[in-house]
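Asker: One-letter residues, chain by chain:
2 protein chains.
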Amino acid sequence: MPYRAPVEDILFTLEHVAGLGPALEAGKLGDLSADLVRAIVEEAGRFAGERVAPLLRAGDVHPSRLKDGVVTTPPGWRELYRDWCEGGWNALSGPVEYGGQGLPAMLSVVAQEMWNSGSMAFAVGPTLTIGAVEALAAHGSEALKATYLPKLVSGEWTGTMNLTEPQAGSDLGALKARAERQADGTYRIFGQKIFITYGEHDLTDNIIHLVLARLPDAPAGTRGISLFLVPKILVEADGSLGAHNDLRCAGLEHKLGLHGSPTCVMSYGDGEGAVGYLVGQENRGLACMFTMMNNARLMIGIQGVAVAEAAHQHALAYAQERRQGRAPGWTGEGMSPIVLHPDVKRMLATQKALTGAARALCYACAHALDMAHAAEGDDKVFWTERASLITPLAKAFSTDIGVEAASLGIQIHGGMGFIEETGAAQFLRDARIAPIYEGTNGIQAIDLVTRKLPLSSGRAWRVYLGELSADAHEARAINRPEFGRIGEAVADALRHAETAALWMEETAPRDPAAVLAVATPFLRLMSLAAGGGYLARGAVAAAKAGRDDAPARAALARFYAEHLLCETSALAHQVMTSSDAVATVDLALAM
Amino acid sequence: MPYRAPVEDILFTLEHVAGLGPALEAGKLGDLSADLVRAIVEEAGRFAGERVAPLLRAGDVHPSRLKDGVVTTPPGWRELYRDWCEGGWNALSGPVEYGGQGLPAMLSVVAQEMWNSGSMAFAVGPTLTIGAVEALAAHGSEALKATYLPKLVSGEWTGTMNLTEPQAGSDLGALKARAERQADGTYRIFGQKIFITYGEHDLTDNIIHLVLARLPDAPAGTRGISLFLVPKILVEADGSLGAHNDLRCAGLEHKLGLHGSPTCVMSYGDGEGAVGYLVGQENRGLACMFTMMNNARLMIGIQGVAVAEAAHQHALAYAQERRQGRAPGWTGEGMSPIVLHPDVKRMLATQKALTGAARALCYACAHALDMAHAAEGDDKVFWTERASLITPLAKAFSTDIGVEAASLGIQIHGGMGFIEETGAAQFLRDARIAPIYEGTNGIQAIDLVTRKLPLSSGRAWRVYLGELSADAHEARAINRPEFGRIGEAVADALRHAETAALWMEETAPRDPAAVLAVATPFLRLMSLAAGGGYLARGAVAAAKAGRDDAPARAALARFYAEHLLCETSALAHQVMTSSDAVATVDLALAM
Numbered sequence: 001m002p003y004r005a006p007v008e009d010i011l012f013t014l015e016h017v018a019g020l021g022p023a024l025e026a027g028k029l030g031d032l033s034a035d036l037v038r039a040i041v042e043e044a045g046r047f048a049g050e051r052v053a054p055l056l057r058a059g060d061v062h063p064s065r066l067k068d069g070v071v072t073t074p075p076g077w078r079e080l081y082r083d084w085c086e087g088g089w090n091a092l093s094g095p096v097e098y099g100g101q102g103l104p105a106m107l108s109v110v111a112q113e114m115w116n117s118g119s120m121a122f123a124v125g126p127t128l129t130i131g132a133v134e135a136l137a138a139h140g141s142e143a144l145k146a147t148y149l150p151k152l153v154s155g156e157w158t159g160t161m162n163l164t165e166p167q168a169g170s171d172l173g174a175l176k177a178r179a180e181r182q183a184d185g186t187y188r189i190f191g192q193k194i195f196i197t198y199g200e201h202d203l204t205d206n207i208i209h210l211v212l213a214r215l216p217d218a219p220a221g222t223r224g225i226s227l228f229l230v231p232k233i234l235v236e237a238d239g240s241l242g243a244h245n246d247l248r249c250a251g252l253e254h255k256l257g258l259h260g261s262p263t264c265v266m267s268y269g270d271g272e273g274a275v276g277y278l279v280g281q282e283n284r285g286l287a288c289m290f291t292m293m294n295n296a297r298l299m300i301g302i303q304g305v306a307v308a309e310a311a312h313q314h315a316l317a318y319a320q321e322r323r324q325g326r327a328p329g330w331t332g333e334g335m336s337p338i339v340l341h342p343d344v345k346r347m348l349a350t351q352k353a354l355t356g357a358a359r360a361l362c363y364a365c366a367h368a369l370d371m372a373h374a375a376e377g378d379d380k381v382f383w384t385e386r387a388s389l390i391t392p393l394a395k396a397f398s399t400d401i402g403v404e405a406a407s408l409g410i411q412i413h414g415g416m417g418f419i420e421e422t423g424a425a426q427f428l429r430d431a432r433i434a435p436i437y438e439g440t441n442g443i444q445a446i447d448l449v450t451r452k453l454p455l456s457s458g459r460a461w462r463v464y465l466g467e468l469s470a471d472a473h474e475a476r477a478i479n480r481p482e483f484g485r486i487g488e489a490v491a492d493a494l495r496h497a498e499t500a501a502l503w504m505e506e507t508a509p510r511d512p513a514a515v516l517a518v519a520t521p522f523l524r525l526m527s528l529a530a531g532g533g534y535l536a537r538g539a540v541a542a543a544k545a546g547r548d549d550a551p552a553r554a555a556l557a558r559f560y561a562e563h564l565l566c567e568t569s570a571l572a573h574q575v576m577t578s579s580d581a582v583a584t585v586d587l588a589l590a591m
Numbered sequence: 001m002p003y004r005a006p007v008e009d010i011l012f013t014l015e016h017v018a019g020l021g022p023a024l025e026a027g028k029l030g031d032l033s034a035d036l037v038r039a040i041v042e043e044a045g046r047f048a049g050e051r052v053a054p055l056l057r058a059g060d061v062h063p064s065r066l067k068d069g070v071v072t073t074p075p076g077w078r079e080l081y082r083d084w085c086e087g088g089w090n091a092l093s094g095p096v097e098y099g100g101q102g103l104p105a106m107l108s109v110v111a112q113e114m115w116n117s118g119s120m121a122f123a124v125g126p127t128l129t130i131g132a133v134e135a136l137a138a139h140g141s142e143a144l145k146a147t148y149l150p151k152l153v154s155g156e157w158t159g160t161m162n163l164t165e166p167q168a169g170s171d172l173g174a175l176k177a178r179a180e181r182q183a184d185g186t187y188r189i190f191g192q193k194i195f196i197t198y199g200e201h202d203l204t205d206n207i208i209h210l211v212l213a214r215l216p217d218a219p220a221g222t223r224g225i226s227l228f229l230v231p232k233i234l235v236e237a238d239g240s241l242g243a244h245n246d247l248r249c250a251g252l253e254h255k256l257g258l259h260g261s262p263t264c265v266m267s268y269g270d271g272e273g274a275v276g277y278l279v280g281q282e283n284r285g286l287a288c289m290f291t292m293m294n295n296a297r298l299m300i301g302i303q304g305v306a307v308a309e310a311a312h313q314h315a316l317a318y319a320q321e322r323r324q325g326r327a328p329g330w331t332g333e334g335m336s337p338i339v340l341h342p343d344v345k346r347m348l349a350t351q352k353a354l355t356g357a358a359r360a361l362c363y364a365c366a367h368a369l370d371m372a373h374a375a376e377g378d379d380k381v382f383w384t385e386r387a388s389l390i391t392p393l394a395k396a397f398s399t400d401i402g403v404e405a406a407s408l409g410i411q412i413h414g415g416m417g418f419i420e421e422t423g424a425a426q427f428l429r430d431a432r433i434a435p436i437y438e439g440t441n442g443i444q445a446i447d448l449v450t451r452k453l454p455l456s457s458g459r460a461w462r463v464y465l466g467e468l469s470a471d472a473h474e475a476r477a478i479n480r481p482e483f484g485r486i487g488e489a490v491a492d493a494l495r496h497a498e499t500a501a502l503w504m505e506e507t508a509p510r511d512p513a514a515v516l517a518v519a520t521p522f523l524r525l526m527s528l529a530a531g532g533g534y535l536a537r538g539a540v541a542a543a544k545a546g547r548d549d550a551p552a553r554a555a556l557a558r559f560y561a562e563h564l565l566c567e568t569s570a571l572a573h574q575v576m577t578s579s580d581a582v583a584t585v586d587l588a589l590a591m
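Sequences listed follow chains A and B, in order. Letter 278 of the first sequence, counting from 1, is numbered 278 in full-length UniProt numbering, and no numbers are missing. Letter 460 of the second sequence, counting from 1, is numbered 460 in full-length UniProt numbering, and no numbers are missing.
Just so you know, these hints were derived from the structure itself, not from any lab. Because the structure is a prediction, the values reported are computed rather than measured. You may find that some hints are simply not true.
Put simply, identical chains are the same to the list, so a pair is met inside one copy or across any two.
[As the list claims (entries may be wrong)] Straight line, CA to CA, 25 Å or less: simulated SDA-like cross-link-like pairs of lysine to any residue:
#1 Lys544 with Leu589
#2 Lys176 with Ser336
#3 Lys176 with Thr422
With the rest of the complex left out, here is chain A (with noise of 0.2 Å):
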């Protein structure tokens, strides 16, 4: 079944649970309008399910193929590129100034989800070069952004993220890779890199490469890292293509998944050195990466969202059509469909209702950083954290629960689920990167507890669930039976957020260890709780406006509070219980 983008919920959590709604009433957004929102929904949906869709298991089956050092992509793909860009859809978010539509980060991540519906493996090199232009804009000089911004906003050139070596993954301290400064005021770059998403491919002339490498003055660990662009292809002053660079993809990876998506070792300066311009200061690149990581990890965490909800409606479709045994209560002849089994039933309705929950949560995150660049003072101060907390949230939870769809869906379909024609397996495959790349999710976590729980004194996040606890209280004061427990169950979820929390607050300061020992399983709490809140929010806001759908919202909802939030009491009391547990165990013990 081919994937349709689920347009209708994608604006009902944009507008009524994340924040749009308000955002654009209050003229937060310039002069977007709801009806330009649902356009473009509309119209990206339609592109991502009779476009991309259909090139996903061609992307999977064909992977992209490396020889003499070009890198061809899957078939079909450069058409379909070359039509996206056509179409704008590159454009979304960049610059006005150069060529961009500028639209807000909510529309972009919307966007985002839709395309890694249709394909992940296609989709994650764009996002490579919002990122590379997001970087430029920031923190290039005038004379770069002139060069490059309007080619990497149009996709006319994609822009790649070199950080990683193989000594240096989530401790990009221990980079190698070295840079000489030039009597021009160029650079020149010497090094290998890995794991470079979409570092060389056929789909565009030119592929402009960010890279992080050390001067040979710079002070050791992360303060000595500068940021260098460094294009496959030198420019010419007039703007033409010149000389190949001295740069080139050593390799491809052979990979669980995203096969598609040629993910490369990238070598510089084989012979005289490549060609860098200095983006920033020298020995501040780390920094220059970090102001465009929040956004970055969203962007991984839609990922999540996004093959969740393409693993669902496969799953779903299956589950209708499949007939084996006779489900309670089934009158109809022979073998009934398989969707109505409560078995079968609870595996979609978890696949659903963690969707829902991770899609609001990454919408959330959005608006935070829409909120965050419209307002200013305190305002954008608080926009600002609320972003930084909800951001690993976003990007881990969001992942892993993208890993856990995919798994129920290859469960939901039987043994058809383990033969690859089937689809189901390609999901798995692709999503299992997801908790993984752009920080683990282990780091995520890390960094909730360790910097984003602190923020404002801790003010960030009580805030955060204050709010929440309001929903929960809303969905409760409604009074409606099909809202069965919806308002305790959440508000029991986000009382358990927030007694971890404080165990949190009160540990860090005197046992680091424990309180890193029990981070993943904090992450998780406060994502579930918080999803909660969310879906709450939905159930209400559409439960009061009379709409249609509102029976379905106030159903998952409901599913999601009393069968899945079962987990936050669990989790709290591991975190609260379990650090010494974990401190104790000797793995290298023999026994």
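With the hints as your guide, set chain B onto chain A.
Answerer: Chain B in isolation, oriented as in the chain A frame:
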């Protein structure tokens, strides 16, 4: 890192946790001695580590291939299979009167664990032969047994199980393959079977298919299914190989994992019909299959344990080698091994603790089968029911944690986990089938709540939980600081399981759908709690014996009890309160 069989842990679990020690002392297992058990486990472990495991990757990158009806297994597998049979390993559990060693199920399951840790794709073939031997030994005529059993026991020929058809997976009642009676007392078989593991291969000269089919006058549904022995090559009266039977491998599946294992579409009777011999009575084929179902399901459960163990060893070796960042308390030079980062350690400990719990559960299940075999009268009933009760736990929980441990293994590897050459991803791809085949885990959960809880009017599960509660009590009574709250946490978990089981008993008669909706979390609850009891039992036994590994066992049991058993309170809550929420979700409703 190559797999090393955890011989000491296996022996300890067998003897001190799962009941082998007392059974040997009581002389329940014939002339088997602890020394012989050790010798067998050590020797099998050596073969698994030195001969099977090195071919793990070859079995992935060189899938079995079909050409002109001939299936070629991965390079090295023919020699491996030959040497494995020559070592007598195929004959381990076979009946003595047909050349087998007649060893108890406990040793069979231990050996299976090690072959599957070495290479699940290789080991799954012989598992099917064991099943065929059992079915034939229990239900075959003397003539069939005399002709086929000696060669199936030695491994000169292999066996298969042909159940599934495209429209008949979980619901075997829907199967359509047909059998026609012949004047000479044989039958002719017609039809297509799918998902036939090792249905065709080049390891042996003959393959003995056990095929479920329907006679022309058979009643509809599961009461009209008969079991037939259908050899690939017909066997002459003198035992020599004759003509090729009218059956062929029509295709191989392209699967997510287990690439080395040929999963065949089998076509019977394209011509005048495949010659088949009735096993057991007409229309009683499913009953014949069910006599070996417990054992077959246990053999799949142990695959979960096996892959979890292998994935853990693989991830631990990497985490001890790989250096990134500085863990809390690290005083060495430069970056610390990632195993010292609390979040990485938590993941490794989770793998190890879940593996240990599932191993104990599987061995205890095998023990019950052995005791049932040896016992008579009430004792036989007791042990038969015990085996029946634990089988769905052993199958579903172990295969679920196999997937979890393999996925954690990828996460521990970071970016390298997504690269196929690392080997971490293969464990996930291979493990993912185990929750599906031999009855999906959802079906195991349904079996548990509808057929196993009611055994002896609920006495079976009460006595089982009661035994484990005694272990919790002992862990508490031992009163040693390194035990932390093992006793309390395990007792709590068992109470949660009991409360939920009581709810199941009470609810099943009046609301079957409610029970089915939460059968899966209930199975997980029972299994997690039981695993806690087993690990506590082991920790107590090691402490009392003053063993060197006593501190390590206590620490691991403590981690399991204090960190992982938190989940049980949530599961109990989920079981007892969320069925309505599952029922009210309407997935077809647009929103």
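Asker: Would you mind marking each hint as holding or not holding in the structure?
Answerer: Status of the hints after comparison with the structure:
no. : hint               : result
1   : Lys544 with Leu589 : between (60 Å within a copy, 19 Å between copies)
2   : Lys176 with Ser336 : between (61 Å within a copy, 18 Å between copies)
3   : Lys176 with Thr422 : between (44 Å within a copy, 23 Å between copies)
Every hint, counting from the list given before, is met by this structure.
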